[in-house]
Amino acid sequence: MDEWKPNPAVKPHKKRSWYLTWKYKLMNQRALRKLCQTGAVLFLLVTVIVNIKLILDTRRAAYEEEEESAQDYDDEMLNVEVPRHPVSNKKVLDVEAYSSRSKVYVAVDGTTVLEDEAREQGRGIHVIVLNQATGHVMAKRVFDTYSPHEDEAMVLFLNMVARGRILIFTIKDEGSFHLKDTAKNVLKSLGSQVAPFLSWRDMWTFVGKKGGEVYGEKHAKSPALSTWGDPVLLKTEVHLTSVEDAECHWPDTELNRRRKTFCSKVEGYGSVCSCKDPTPIEFNPDPLKDNKVFDVPVAVIAGNRPNYLYRMLRSLLSAQGVNPQMITVFIDGYYEEPMDVVELFGLSGIQHTPISIKNARVSQHYKASLTATFNLFPDAKFAVVLEEDLDISVDFFSFLSQSIHLLEEDESLYCISAWNDQGYEHTAEDPSLLYRVETMPGLGWVLRKSLYKDELEPKWPTPEKLWDWDMWMRMPEQRKGRECIIPDISRSYHFGIVGLNMNGYFHEAYFKKHKFNTVPNVQLKNVESLRKDAYETEIHRLLGEAEVLDHSKNPCEDSFVPDTEGRVYVMFIRMEQEADFTTWTQLAKCLHIWDLDVRGNHKGLWRLFRKKNHFLVVGVPSSPYSSKKPSSVTPIYMEPPAKEEGAVAVPAVAAAEQT
Amino acid sequence: SVKQHVVRKFLGLISSHNIPVYLIDPLILGLVDKDIEQIRSSPDGPSPECKYFCAPRDFTTFALLDKTWKYEVGLFRTAEKMGFQWLKIINKDPRLDGMDDLSGTEIPLHYIFKLASHAIHLVVFYERSGNYLWHGPLRLKQHMDRKFVPFRKLHFGRYPGAYEKPELLLVSIDDLKVQIPKNPSSFLEEMSHSRFLECRYREARAFFQLYPDDASLDAVEFRKKAKSLLHLAVLTLNNLGVKFWLSSGTCLGWYRQCNVIPHSKDVDLGVFIRDYKADIIPAFQKAGLPLKHKFGKVEDSLELSFQGEDDVKLDIFFFYEEDDHIWNGGTQAKSGKKFKYLFPKFTLCWTEFVELKVHVPCETLQYVEANYGPDWKVPVKTWDWKSSPSNVQYNGVWPVDEWDDVIQIY
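As they're listed, the protein sequences go chains Z and L.
Per the numbering used here: the first sequence = residues 128 to 786.
Per the numbering used here: the second sequence = residues 6 to 415.
Hints were generated in silico from the structure; no laboratory data involved.
Take the hints with a grain of salt, since some may be wrong.
What the hints assert, rightly or not - In silico DSSO-like pairs for lysine-lysine, Cα to Cα no more than 27 Å straight-line: (1) Lys387/Z / Lys382/L; (2) Lys387/Z / Lys86/L; (3) Lys348/Z / Lys362/Z; (4) Lys382/L / Lys586/Z.
Using the sequences plus the hints, can you model the full thing?
Encoded structure:
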């Protein structure tokens, strides 16, 4: 939420002329003048003395704070708590809303609460929600309704805003191109007369109460396709209601007190703030029997995406075996709203002043969060690392509880991750199956303390390196040949879209169809066979049993795999040396799985499912499992497509890392 | 008695909220300690009189382990209904202090519950890296009622403190069931020198602004080795029950940059000669650290040096106390020359260093300045132990016939 800035537009000239007249009159009276002079001198003296005392006091206080401040219990700290927003008894708010091609702003009682004149961003409809009793900004959103689907997001948001809130709308640049009728009707139902007729490059502002009166609306039509409507400035007054009217009357419990604090501050979280029948904020999922991860700290890494964090924490707190006292949310920056979400759920949160920029900033935030986690829980041998844009499977902790001993005992393991990079709807099948992979998927994983403290923390990339923390962790210098354990069906779901490294298309293509386990209490099978040597035995057994597919067929075709269920099949592809992924990449592409870099491999072997059959891919001759190839079979080779100009976009996307 | 009544009510309050506390009141533990055998043997025995909780005092002090409870408003509402007035003292979380720019919620350090003329002081203990418990100082903020209780009479809170995790014992004293440290006398002993010093993280950050940290692979490796050597040394000396502190370069590293100085090449510890034990050498050898050299003798200028992994060496200097100063000795092997390093008198405080609870001189600044002079803030890469220290004095030469004894090199 924005700080309230003082009103810069104070114009005192009227008072000044009055003052001048008064001064002029005094000048003519000598006695009075003398008196005034003495008075002024006295006043000055007093001011000087007061100031000196003030300076001395401040210095002494500062000095005392510097001191080890051990001598006395009375040591005063100079952090007098001042209410951040002046309490105003005013009943009327002045609201200004400005709409134009290149700039929008909204001011409430002379305080700018929105100002956007940046080029090439902030296009669309800006929405601000004010508390009808206090006038505080509760939510601020922009919906780029020039682009598709953004109007749907806006409708969703507006529906979640509680009745009685004050809504302010203003368009920057263009907001009508993909503003469909549904959205227009919602705006109309709020009282807008213009919304149904909004068109190309119109300027528009509107202020109204949800489910109540309209405070004002202004509109400027665009005269021609190539030009914009004239800027409009709407000035209006909004009458505040009493605090009681703006709040719900929930029973007075500890939980509801948290809910009340939250709901009077922020908007856009829907039923959690509904007066009638609000959605719970405590979940009490079933405890896990013999929970091995009950005392493992959980670090949630967050930025400023409070709605994501809200969704994430709901799913985390609903997972069986969760221990809320072990959860800490690390917020990258002094953002209030994510902290409000954390407090709503009664969790502890830590804010981190951003150092450095972009990827390096994320990386430094990770480091600080991990170090802090192990400081706060000095007994912990592990930490679970989660991000704010993940859904957590109901059996997430059950999955970890069954597998964490491997991470403790098997030194050839680097991590346990809840995410299978290759686990799509059409390629993952068995919730009880685990793999060993040479790549580190992230997206919900367990880190061993000794790995962090002895290896990673001391040489963590410094801010000026501008490295992605996860790319760095995947480098051979760090990973040192160790592997991660992953499930066939992921225990996390990556729903984030608007992150640093994400764009809508990218998410649609690579994340949306990812499979996510929803079955509770899955009993993992053969966990012991995931140990280093046992896994080799297991793979050999599997390859021994596997039927070799017909290598004369096109592996991209569906018919490549017979219409069976529950069988094990193997195919061999060409892989000249360890780093030759030419054919694999083409195969991954046509199977519509992760192909932007190589993921999910174990010694030149990939394991996935096709048509509910276990499907093994072995890279020949590089993989040690090549010996399983019958001499009659020629490994399949797939050529990369010739580079065309149209294909240039791909490397750019590939640079986007899946954090 | 009012005191016993208040304690009884308080114990009722916290047990109704399932909050496990234990008694750490020095006065009562002192009384309990006298009868400890009897109390241990009759956990349910009724006591005829109010022998412990009625002793004259203003407070009764209890401890609470932070991780065994969850803050809830309900506790304080119940307390108010029972007639308690209460005060909460919160402050910054020291576990986040060493980290760049992290700010968590402030944590509760002390609670005071007052009823009639008696008050309960509840000290919150936090577990910290290094497997120890920490409690914070008690500092009143401006708006607080400084007459709430006579704060100066409190037994905990003048300084922060560090403690081992205590073993607890459930006993019944004066018909009240209460947990106490299993061994009250050793707890009281521990309490008498529990003062804790936080590392000067702010100053350390300022230091690194001026002199950026060495992030080279060599530096990382050295720090790792020095840390594991120190862990091994601490384990060994603690097992022997030998009190020690961070000395010389290791102490400077803690004080100046809250870390091991990467170009320091060894780890330095100090031990009072009165704490010397003959089995120090075999204990280190058993721990895999062979003796590298031994200079001096117990009566004069003793110094031991053990060989750690890859050239990292552990030096243990023994300190001799005089009336107005403390000194340790140095010996030049080839010439038999003796040196003396003088320090002003100091006491020992706990601190946390590379995930260890260790001692440092409480008067650290004087100690470091004595050793490194007023310019200790400026890193120096070339250091001659015979001439660089500001507190070095020439101390004659060992008689040649003693050389075999006082200059041993392996």
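Indices of hints not satisfied (ascending): Number 1 only.
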